[in-house]
Every structure is written in structure tokens, then in C-alpha cells.
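**Q** Chains as they are written, first to last, in our numbering: chain A, 722 to 1095; chain B, 722 to 1095.
Reference excerpt, derived from the structure (chain A facing chain B, CB under 8 Å, subset only):
{"#": "1", "residue": "760"}
{"#": "2", "residue": "787"}
{"#": "3", "residue": "975"}
Sample of chain A residues with no beta-carbon within 12 Å of chain B, all distances over it, derived:
{"#": "4", "residue": "752"}
{"#": "5", "residue": "800"}
{"#": "6", "residue": "803"}
{"#": "7", "residue": "1045"}
{"#": "8", "residue": "1091"}
No lab work stands behind these hints, which were simulated from the structure alone. For glycine and all other residues, C-beta sits at the position ideal for the given N, C-alpha and C.
2 protein chains.
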Amino acid sequence: MTGPRYPDLIAALPETVPFVGPEVQERQKGARFRARLGANESVFGPSPFAIAAMQDEVAEVWKYADATNYDLKNALAARLRCTPENIVLGSGIDGLLGNTVRLLVEPGDAVVTSDGAYPTFNYHVAGYGGVLHKVPYRNDHEDIAALFAKAAEVDAKIVYLSNPDNPMGSWHSGAAIAAAMEDLPDGTLLVLDEAYVEFAPEGTSPDLPVDDPRLIRMRTFSKGYGMAGARLGYGFGAPRLIRAFDKIRNHFGINRPAQVGALAALQDQEWLDEVLRLVAQSKAEIARIAEANGLRALPSATNFVTVDCGADGDYARAVLAALVAQGVFVRMPFVAPQDRCIRITAGRPEDMAVLEETLPQALAEARDALKGAG
Amino acid sequence: MTGPRYPDLIAALPETVPFVGPEVQERQKGARFRARLGANESVFGPSPFAIAAMQDEVAEVWKYADATNYDLKNALAARLRCTPENIVLGSGIDGLLGNTVRLLVEPGDAVVTSDGAYPTFNYHVAGYGGVLHKVPYRNDHEDIAALFAKAAEVDAKIVYLSNPDNPMGSWHSGAAIAAAMEDLPDGTLLVLDEAYVEFAPEGTSPDLPVDDPRLIRMRTFSKGYGMAGARLGYGFGAPRLIRAFDKIRNHFGINRPAQVGALAALQDQEWLDEVLRLVAQSKAEIARIAEANGLRALPSATNFVTVDCGADGDYARAVLAALVAQGVFVRMPFVAPQDRCIRITAGRPEDMAVLEETLPQALAEARDALKGAG
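With the sequences and hints as input, model every part of the structure.
**A** See below:
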């Protein structure tokens, strides 16, 4: 009596999760976090209209959602000045990244990303047997020229660029990306992850035709729109590529209230503006607290601030551990030299108060811990 | 300026959706359906406690859901008398079927199913390059002996069996499945789709150890629990297989209110009992209406009744088209000789009234249409 037979690719994959969620940490600690500032969620929540729309639609949850996402696609198309045929909905950008990799990457195919960029993208590439080529950050920015040069060198199927960048909060102008496109090799798809674009300055998204076959842009209702738990992201690009998702996606995979809520969220520009205002306020507050403790806040075009702890990765990891122990959920970059930083999501005044209270103690503990180890 | 390069497998796939949803048909017709009886949704909806729980949790939708599904897995484990390590959650059975195929099937690998069984399973197999071998139904039942013999003959990685069966509503006893297991070839995984098991007689699920490495069972909150639009299904089986899903699944892919709602739904056995009572009532009513119109209702262990229209597939398709034109959303089997039937989901008394009103006219139209064509 034997079990199933796994292909070599699957057998060799680790049973990992790219991120450990805060609930898991809370169960391990036996205590709730006092401030949830680690996953770049929007503690300000979605538009009250989106909340009301979702609550109403719960009564209709016995129905499968419209698999063609007709209403939401049309609303997005009007907003993006394109057609519904340019848009694909998915289970967050995570789900769409998985679909994109599946559409293009066969075992052994080359894929390019920045070393220390989004781990879930890397997870999908590994899951389909792609070979990742990683390019270092340059001055805490993703290095567009180096990414595209590497793509040409290794004949990449995909090059991944997040703009603004997670985890560093840095960004390039849309003009810089548009100018770089002539160096994108033929046959390489640029996956431009714009999860944080609502927080970024005007002009951060490149002014390129939506039908340009060389790129797909991805956005989400998880960040600015405050609906991370709804699981709704979208990609937009040339119709031929968008149609290809219909070959493989889980057509009836989207939650019905989420779809209705996203439509309402999209129509409440006032709420988004308010969130942007609150996020800007909180980012200033994070910077103030960081600087009061002798740390440096990096410029950010996102809803988080990456804070340079001023030493190496071991020190930042000790700071992070001490914050987590004191009930502050935060995360940090994985790769040197970016791992000298911790990453703090914008929060409410009460979240900032917890940060202000706990950070001096966390820094002291980290210094002591490293002295003890040294 | 060229687009991305698709692997041959992807390039050859059709841009299809396994099912056309009722919303698409409504837009095409320019009118809403009067009765929604085509997708085996539960018009009776979820437990009021589940509705309340989801509405409350909408306020928390800014948070990603717990990617380990801790609370829900523990509740399911208690119910199924197994451990959380035996359980995987997914975006409906559809999502889990996709994951299962991905875990096991490489291009060219053999997979066995019944001819006319669940199209979405076939969609996933095609999507990963598997080769489908189809076994005919036998007396409107899936033919377990023939399925397992075919699996041995073609050295299948997976054999798919739904019990109770969709679209025929027929079922086998759990004892019959357990007895057949000794003929399941080594190295073949039995995917036992129990989406409708809540509606089936005691003993329909085989009494086999949950750690048996030869099978995975799949169940859902979409049918008996009335939460199709929430997108939540689960698989249970041996821990090694369950862990393998962690290698590839979209860990943060589940909607947060859906997860909380499912937990509440699971704890309201009274509501499920009430739904079973209402479904049984409606099934009797469908049978009565069918027989009053000279049709035969097949026995069903699900929340739908498959009705034999008494002639060939062309006739049943004409009946279905006439019902749809009159505002009754129903579906039918795709493959002969099962396509002599239409499939009608249990509904409320008002849905049954619409069926009773429209069926005679639909049958008359179908007879006329075929006379005209003949």
C-alpha cells in the first residue's frame, strides 16, 4: 500500500510558507500583538461603503461569484482608461504571480528578480522549476538597468520589478521605467508589481500603452483599499496575455462579497484620499520616533517606513525580536545589506504610541544581546 | 517589440471556462433568471450564525487571514476525528483539485475519470498536460471497478471519483468503495470528491483510515453549508500528502470573513439539518413536477435531481434551452447517454412554482423544435 508518486520537481520543493503570519506568532507567544505593523496591511480599513457592500452581500454568499468579474472589470477599465479585455482579476497579487509564472515558466527557464525582493514571487518560480537569477539592490533601490541586463544575459522569460519597492519603500519614476523598456530583451515579460502605487507620487507608474505586450502591471485591493483579507488583486496588460490567464485560472475562485466590496471601494475616492492622508501622517510619526532613537527612516512611497537600524543584520534582527517580544508585529528585509533595516507599517496614533513606548527598550535589549554575544 | 514566450503546453490550451455562469447568461438575455437552479448552490443559504460571523468579520478585512487556517482546521479535525495535520483548506474543491493535479501530474501522465464527470477536474488535468482516460458511466453510476481497472491499465497518477456523483446524483455505498480499494493500483491516488456527502445516506463515505496514503477526500462549504460564494473547500488525507500542498498552495489565498463564517457554519448542526429537510422536500417536489409532465426523476443523494427527459441529448438540450429562455437557470450532463437528462437544483417553494409553471411549455417547445428540425 503505497502513496502517490510525486514528480522530481515537486518532491524536491520545501514545505515552506514564504511568510509566518502574525496569528502564528501570537499562538507561539501566547499573547496578542499590541500593534499590528508587520504586513503592510491598512489598519485604517476599507471605505465604509465597501464594508456596507460586503456586509449586504454576505446574504448572497450562497451564490458563486460572477466568474467573468464583469462589473468590477468594467469599473477598473474606466478607471485605468482601458478595456475589460485588458484586465484579469485574481486572488491577490500572490495568486496572479503564481498564474503568471505558470503561464510562462517551464523547468529550467530563467527568471530575474532583485536579491531581497518579494519572496512569494520566488516561491512561485521555484514551484514551477524556474531558475532565479538575482540582482543586488543599488542604494536601496531595485536596479532596473542591472535587472534588464541580467534578463538579456540569461534569456529570461520574466523579470520582476516592484515599484514602489517592498521591502525598502524606494521607487523609480515612471519615466525611468519607460526609458529602460528599450533595453528589455525581446521575449522577456516585465512583471511590474504596483501593489503600493496608490501611495506613490504622481508619475510613478510608467506612461506606457496598456496594450504593450512586454509588460503586465499588478495592483491590489489589499493595500491602499484596505482589503487584504478579501483577496483581490488585478493585472492589466495586452489582451492576448490577459486571455491566456483564462487557460489556467480558477475561474470561480473569487469571493463574492469581496468582489462587490472592491467595486464600492473603487468608487470611494474620498476614503482613499483620507487613507493617504493618515498614512502620510503616520509615516512622519514613524520617522520622528526613529530619529528620536538615533535611527534613520528611509524615504518611502508606500504605506510603510523602512528604518535603518544603523548596524548589521544581526543587530536589526535583535531589534525586531525585541519589538516582537514586546507585542509589536514588524518585519524586516531578508538580505544584506538591506537587512540592517526593519520595516514598520503605518498605523493609528495608538499604534504609534506603542511603537514610541517599546522602541527604546527594544534597542537597549538588542545592544545588550549583541554585547553578550560579542 | 514582441510579447512573452509561452511553453507549448500553454500555447495549445484553449481559452475556456469550464462553466458559463448565470450572470453571463442574464447579461446575454437582458433579463434576470426567475429561478436559479443550475449550479447546485444552496438557495437556503448558510446558517444565520455564519452570516452574522461573516458580517462581523468584514470590519477586520484589512487583515490577511491566518494562512495556517488554525481554528478552522482544528474544528474540522474534531468533526472528522483526525488531526489538523490531515487537513488542507483551499479555494473551494476547484482550487484543491488544481493543486492536487499540480502535485502529481507531469505532461504525459495518465489520469482516469468518468466520461461526463466534473469538467473542472478535466480542465486542471489538461492544464498540467495530463492525459485523460475516460470510463463510461454504468446505469447512470460511476463505474468504480472500470475506473480502477483503467487506472491499472494506463498506470494512472490519479483516479477521480465523485460520490455522490455530479451530474447524475447517483451514489455508491462507502462499503463498496472500501472493498474496491484493493483493486486500486499501487501509486495511484484516489481523489474522492465528496462535495455532496452531507445530503447522502449514512455510510456513503467509506470507512477508511484518514492516514490511508491511497486517497484524499474533498469536501466543501459550497453545498450543504450554503457558502458557494465564500470559496472554501477542504481535503483530508495522509499527513505526507497534506504537507505537500504547502509546497505549492497560495498560502494567504483564503478570504478572512469566509474562514470565520465556515467555522460558525460548522458549529450549527441544526441549520444543516434544516437545510437537509428543505432539500429533501424540494427534491420530492421536483420529482412530482417531473412525473406530472411524463418525465422520470432519477434517485439522488445530492441537493439536485437529475431528470430523464425520455429521449436523446438533442431533446434534453431543447428542453433546457426553453427553460433558460423562460427564466429558469438549469444545467445538464454533457455526455451521452446521460445527456438525455437535465439537472435541477433543489429550491424554495417559489422556485418550484416557477419550475411547475414553465416545464410544460418548455417540453412543448422542445417537441416542436425537434419536429421542425426533423
